[in-house]
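Colleague: Please model the entire structure based on the sequences and the hints provided.
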Amino acid sequence: AQSVTQLGSHVSVSEGALVLLRCNYSSSVPPYLFWYVQYPNQGLQLLLKYTSAATLVKGINGFEAEFKKSETSFHLTKPSAHMSDAAEYFCAVSGRGYSTLTFGKGTMLLVSP
Amino acid sequence: GAVVSQHPSWVICKSGTSVKIECRSLDFQATTMFWYRQFPKQSLMLMATSNEGSKATYEQGVEKDKFLINHASLTLSTLTVTSAHPEDSSFYICSASEGTTDSEAFFGQGTRLTVV
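Protein sequence lines correspond, in order, to chains X and W.
Going by the numbering used here, the first sequence opens with residue 12, and the numbers climb by one from there.
Going by the numbering used here, the second sequence opens with residue 1047, and the numbers climb by one from there.
There are no misleading hints in this set.
For the chain X half of the interface with chain W, some residues (derived, Cβ under 7 Å), not all of them:
#1 Ser-110
#2 Phe-114
#3 Gly-117
The set of hints was computed from the structure by calculation and includes no laboratory data.
In this text, a Cβ means the ideal position worked out from N, Cα and C, and glycines have one as well.
Modeller: Pasting the structure below:
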């Protein structure tokens, strides 16, 4: 079975500051890990994914995440926050297949001027 | 990435009526489609997985007679909420994949259902 824990339901940063969204996973098999972004009343957009290749994964919009097996973590970072980054972010782990996903509870990123 | 279109984007219906939500893959063949439900300020919960031409597999606790899923073609799956009640009000999201082990799932834009 797989599960995901996202620490912090809300994260507030100032524009230009570092963004760090935390995700820890549990998986009985080598995991595939994903970060998605969701804007209000919209579907999910894939930011990046880890599929057992490079442990540092670069995604869209300047985001990146590092897979750390020893820490069972897959934290999402961005060096400098933009106002447009304000959204809900979901970490997910693959379940019974590459596209069968188990989601964390989400972290709302708030960006202030 | 591939495009998945969900329709309608929002719908309001009366208690006791049924409402159908469509999920279409526009530029690929979606062997497998997934239906999720998202309550306000909560995560996505998988409701069911459907493979084209087969009966859907429902997650534990999801009423299959209430949430009817049809996946009759490689580009279309439908979710029908039967005899809707206010507690069925939610955001429903579909995703679709080509169905192989390494095929990514692409998400629709979601449907906001309000039952009054």
